Amino acid sequence: MNYEMPDTTTTADPSQDTPAEMTDDAAGYYSPGEPIVDAKAPTGPIADRWQDRKFEARLVNPSNRRKLNIIIVGTGLAGASAAATLGEAGYNVKSFCYQDSPRRAHSIAAQGGINAAKNYKEDGDSVHRLFYDTVKGGDYRSRESNVYRLAEVSTNIIDQCVAQGVPFAREYGGLLDNRSFGGVQVSRTFYARGQTGQQLLIGAYQALERQVAAGTVETFTRHEMLELIVVDDKARGIIARDMVTGAIETHLADVVVLASGGYGNVFYLSTNAMGCNVTAAWRAHRKGAYFANPCYTQIHPTCIPVSGSHQSKLTLMSESLRNDGRIWVPKNAADCEKDPRDIPEEDRDYYLERIYPSFGNLVPRDIASRAAKYVCDEGRGVGPKVDGVARGVYLDFAAAIERLGKDGIEEKYDNLLDMYERITGENPYEVPMRIYPAVHYVMGGVWVDYDLMSTIPGLFVTGEANFSDHGANRLGASALMQGLADGYFVLPHTIRDYLADGPFEKVDESHPAVVEARTSVEERINHFLNVNGTRSVDSYHRELGNIMWEYCGMERTEDGLKKAIDLIRTLKDDFWRNVKVLGTNESLNQSLEKAGRVADFIELGELMCIDALNRRESCGGHFRGESQTEDGEALRHDDLFAYVAAWEFAGDGEPPVLHKEELTYTAIEMKQRSYK
Amino acid sequence: MSSNSNMSLTLKIWRQPDAVSAGAMHTYQVTDVSPDMSFLEMLDVLNEDLNAKGEDPIAFDSDCREGICGMCGLMINGDAHGPEVTTTCQLHMRSFTDGETITIEPWRATAFPVIKDLVVDRSSFDRIIQQGGYISVNTGSAPEAHSVPVPRDDAMRAFSVATCIGCGACVAACPNGSASLFMGAKITHLGELPQGQPERDSRVVNMVAQHDHEGFGGCTNIGECTAACPKEIPLDVISQLNKDLRTALKHGF
Ligand SMILES: Cc1cc2nc3c(=O)[nH]c(=O)nc-3n(C[C@H](O)[C@H](O)[C@H](O)COP(=O)(O)OP(=O)(O)OC[C@H]3O[C@@H](n4cnc5c(N)ncnc54)[C@H](O)[C@@H]3O)c2cc1C
Ligand code: SF4
Ligand code: FES
Chain A
217 MNYEMPDTTT
227 TADPSQDTPA
237 EMTDDAAGYY
247 SPGEPIVDAK
257 APTGPIADRW
267 QDRKFEARLV
277 NPSNRRKLNI
287 IIVGTGLAGA
297 SAAATLGEAG
307 YNVKSFCYQD
317 SPRRAHSIAA
327 QGGINAAKNY
337 KEDGDSVHRL
347 FYDTVKGGDY
357 RSRESNVYRL
367 AEVSTNIIDQ
377 CVAQGVPFAR
387 EYGGLLDNRS
397 FGGVQVSRTF
407 YARGQTGQQL
417 LIGAYQALER
427 QVAAGTVETF
437 TRHEMLELIV
447 VDDKARGIIA
457 RDMVTGAIET
467 HLADVVVLAS
477 GGYGNVFYLS
487 TNAMGCNVTA
497 AWRAHRKGAY
507 FANPCYTQIH
517 PTCIPVSGSH
527 QSKLTLMSES
537 LRNDGRIWVP
547 KNAADCEKDP
557 RDIPEEDRDY
567 YLERIYPSFG
577 NLVPRDIASR
587 AAKYVCDEGR
597 GVGPKVDGVA
607 RGVYLDFAAA
617 IERLGKDGIE
627 EKYDNLLDMY
637 ERITGENPYE
647 VPMRIYPAVH
657 YVMGGVWVDY
667 DLMSTIPGLF
677 VTGEANFSDH
687 GANRLGASAL
697 MQGLADGYFV
707 LPHTIRDYLA
717 DGPFEKVDES
727 HPAVVEARTS
737 VEERINHFLN
747 VNGTRSVDSY
757 HRELGNIMWE
767 YCGMERTEDG
777 LKKAIDLIRT
787 LKDDFWRNVK
797 VLGTNESLNQ
807 SLEKAGRVAD
817 FIELGELMCI
827 DALNRRESCG
837 GHFRGESQTE
847 DGEALRHDDL
857 FAYVAAWEFA
867 GDGEPPVLHK
877 EELTYTAIEM
887 KQRSYK
Chain B
634 MSSNSNMSLT
644 LKIWRQPDAV
654 SAGAMHTYQV
664 TDVSPDMSFL
674 EMLDVLNEDL
684 NAKGEDPIAF
694 DSDCREGICG
704 MCGLMINGDA
714 HGPEVTTTCQ
724 LHMRSFTDGE
734 TITIEPWRAT
744 AFPVIKDLVV
754 DRSSFDRIIQ
764 QGGYISVNTG
774 SAPEAHSVPV
784 PRDDAMRAFS
794 VATCIGCGAC
804 VAACPNGSAS
814 LFMGAKITHL
824 GELPQGQPER
834 DSRVVNMVAQ
844 HDHEGFGGCT
854 NIGECTAACP
864 KEIPLDVISQ
874 LNKDLRTALK
884 HGF
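Chains as they are written, first to last, in my numbering: chain A, 217 to 892; chain B, 634 to 886.
A few of these clues could be false.
Over the 12 Å line for every Cβ pair with chain B, so calculated as not near, a few chain A residues [to be verified]: (1) A326; (2) D339; (3) G381; (4) S536; (5) E725; (6) E732; (7) L787; (8) Y859.
In silico SDA-like pairs for lysine to any residue, Cα to Cα no more than 25 Å straight-line [stated by the list, open to error]: (9) K283/A <-> N771/B; (10) K645/B <-> D558/A; (11) K796/A <-> D689/B; (12) K337/A <-> Q828/B; (13) K796/A <-> D868/A; (14) K686/B <-> D868/A.
From the derived model, a few chain A residues whose C-beta atoms are all more than 10 Å from chain B [said to hold, decoys possible]: (15) E250; (16) D665; (17) P673.
No wet-lab data here; the hints were simulated from the structure.
Quantities reported herein were computed from a predicted structural model and do not represent experimental measurements.
Beta carbons are placed, not taken as given, at the ideal position from N, Cα and C, and that holds for glycine.
Take these sequences, add in the hints, and give me the full structure.
Laid out in structure tokens, this is it:
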């Protein structure tokens, strides 16, 4: 895509615009806590910070390393890369995943590519430009030191992956090909057809399996972490359930790493895999780890719409389709059920081209998504009706086929159009495609400092599970970069500083903190199996998803969020009293697995709504109804909300405590931005 | 365009409480199946039904549900992943007809023991990879990516076989229960690249030894594997595997 993405938000001018009547919408839903003043990033010039930190981080004597035990939950890009690297360094690593093989983590599904500031195209890219684009893309809500480091190590990732045999796309001369992605002006995205995530993950997986053979890493597949063990204020292990036998296992260690992925499935329907969950992160949150910016969700405009109430997941279609497809709906709701090919040109509303004449179908993700929602809300959506509303808009290739020929379109989009046909049974060369936005990624996650350590000493969090690098919105092709940066190049350095004080005093399985963690897991499982209620776990999950999508999705309002919080509280109460989970603990029991995940999603959902309520501004991927310009565009409030909202768990039924980390930018100017 | 009329189907499904108990086929009726449902969504609906009636839901594996993670896999009417060239999760009910009886079984292979109902243990695949399905390069020791150009065609071939999702359909489809297609795909992926050369001989010898040790059968060139493979991994990766093995043995491995 060779166009410049317009800015998505306007910044409120504090001198004139701070509304005097501005109230704290979330008052009463939380209690204010101490600000976070030190995220432990070195000061100094930004380009030196990571080098300084690496130098300061203490070393661990190689002979000591095998006495140090590391637990890593997750085998996606963030987890597998860390497990392999720490295994190579000689530590004792235990690696956990809920799938039957580490290779199946959801990183496998990433399609588009991975960014790196290699500047192979000599098009003006640099570490600084990647840093700048990422901070700006995140709408100035990320921590600059972390983002700079991400850009800095991005180049090493490509070297490492190529050496592992990752078959990136190449040019005729045998060198690596790059493309421009997600509206940036430089070509810095490395890719392997539409399967970049798969190829990167297989590379990391193979490196991991190599360490299994070497005896440094032990894998625990079909194991689900259900609790964190905290002893003397330090993370010292996990309780995991063997999903085949039901055995509740205690695993102790010197340090615990969560690389457990994102929580998009709180919306029930998303582009995430069926098993993606928040449990590992949420259990840690309940044990003292702050949870940051939970309401930051990315919604992708081009997914295949829901076809019925049976729908179990949504499938992403690459954004590149918007380069040649034209988006429209009928002008009149009465035409919505007609065959689109019978609707004459003058009765079609190419609404993006109409409202945004300069960018048309290529407006940024959030604008395209919201516009689709509005036209469907008006009753002009197309495709099957679900709960009485058709939620879909046309993405029409007819004009492009006329211009470029069917072959031209085939060459560019063949894979995607085939996938579409397989899922919908409709041929997109003949009938316009239907698309609708879907939840795709979460920027929020466990709060971590510069070292990727949470507020619980000895608990590190990497990849999509942490919050730090993408601010309020993520640029395309940056999540893969972050996962591998964290796992290969950041964590292995920062964790050694912590481990230099180890091995820590041995913890016994009979320690009260271990017993407490274990008992709480057993009690929860027993509870689910003994409620004998009337509703399935999935029915609760679906209902939660509907609430979240309706009130905490693309557009949020104060009233809507307050309503959502009430609905979620009622749902939670009903869930614990009325859920129906059959079978026993002592065998593979998929309903039981889901019950635990949904229980945690319900609690997370409430916190997301409280966070969204507090953040009375539109920024990044989300839109607050109360914060818009006269033209209805997003209005950001740097004067009030240039902070990370880090939430502390205060106990069941207690309002969470909000700790603010002010965001200051020294290496980049927080730009006044305007769209139009 | 898809037809809109909903279907009624008879399902014969393998039920087995755990790895050690005996299993048997059970019959279920499903009605109101939309042609737009995926095969697994159809089973989700059946499971909701069973749950409501107080019967244990049917266990089956899936995760991404978009054909890339390799977690799903069912024998459907005797075909691995069913009648189309795709994964079970990407199979849709429009491939079936109203009133049809569908038989659903787990992967059957000595090296893939059943865990419960339709779920099998494929950890033998991981153990094959452990025996050399990688390039030994520690983090941080890699040379600059452009220091070794790779001819575009080699890179493309490596990529096209690296798309294997490790689902195991090739094994399930093979009358001998061989994993040669899976193994050949990895051997070919790494063997096409300059980075894969130093370990080429030891890789093939060790992976094949592990394959045989796990109880996978030998390849007799029947070709059912490639017909079942959702990623259309071609049969010639097995020739490559055999060729590499002969070369390695000649080199004294
Ligand atoms: C369809 C799709 C396309 C995408 N395309 C791109 C793209 O083109 N470019 C890009 O940069 N990003 C893309 N993204 C985003 C990116 O893929 C993810 O953000 C990233 O891969 C997450 O990696 P991760 O290692 O943090 O987590 P994951 O890969 O999700 O791994 C999570 C791991 O944690 C384990 N786990 C979770 N909970 C538990 C538990 N309780 N107990 C034990 N184990 C647990 C899982 O088993 C798994 O191994 C895409 C995302 C999706 C959904
Ligand atoms: S070769 Fe094909 S059938 Fe076999 S595991 Fe790989 S993708 Fe599955
Ligand atoms: S569930 Fe991932 S390939 Fe089918």
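Hint-by-hint comparison with the structure:
1. At roughly 9 Å, the least C-beta separation between A326/A and chain B is not larger than 12 Å, which violates its mark as non-interface.
2. Distance check for D339/A against chain B: the nearest CB is about 16 Å away, which clears 12 Å, and the non-interface claim stands.
3. With a cut of 12 Å on Cβ distances, G381/A falls inside the contact zone with chain B, its closest approach being about 5 Å.
4. Here S536/A stays apart from chain B, with its beta-carbon at least about 17 Å from theirs, past the 12 Å limit.
5. With a cut of 12 Å on Cβ distances, E725/A stays outside the contact zone with chain B, its closest approach being about 27 Å.
6. No beta-carbon of chain B is positioned within 12 Å of the beta-carbon of E732/A; the least distance is around 31 Å.
7. Every CB of chain B is more than 12 Å from the CB of L787/A (nearest about 18 Å), matching its label as outside the interface.
8. Non-interface status of Y859/A relative to chain B is upheld: no Cβ of that chain comes within 12 Å, the nearest being about 34 Å off.
9. Note on K283/A and N771/B: the hinted pairing holds, with a Cα-Cα distance of about 21 Å set against a maximum of 25 Å.
10. Simply put, K645/B and D558/A have alpha-carbon atoms about 44 Å apart, too far for the 25 Å limit, and the pair is violated.
11. In summary, the hint linking K796/A to D689/B is supported, as the alpha carbons are separated by about 11 Å, within the 25 Å threshold.
12. Proximity of K337/A to Q828/B is assessed by CA-CA distance (about 24 Å); at most 25 Å being required, the pair is judged to hold.
13. Proximity of K796/A to D868/A is assessed by CA-CA distance (about 23 Å); at most 25 Å being required, the pair is judged to hold.
14. Between K686/B and D868/A, the direct Cα distance comes to roughly 33 Å. Violation of the 25 Å bound is thereby established for this hinted pair.
15. Taking the minimum C-beta to C-beta distance to chain B, about 38 Å, the non-interface status of E250/A holds against the 10 Å cut.
16. The Cβ of D665/A sits about 23 Å from the closest Cβ of chain B, beyond the 10 Å cut-off, so the non-interface label holds.
17. P673/A, annotated as away from the interface, keeps every beta carbon of chain B farther than 10 Å; the closest lies near 25 Å.
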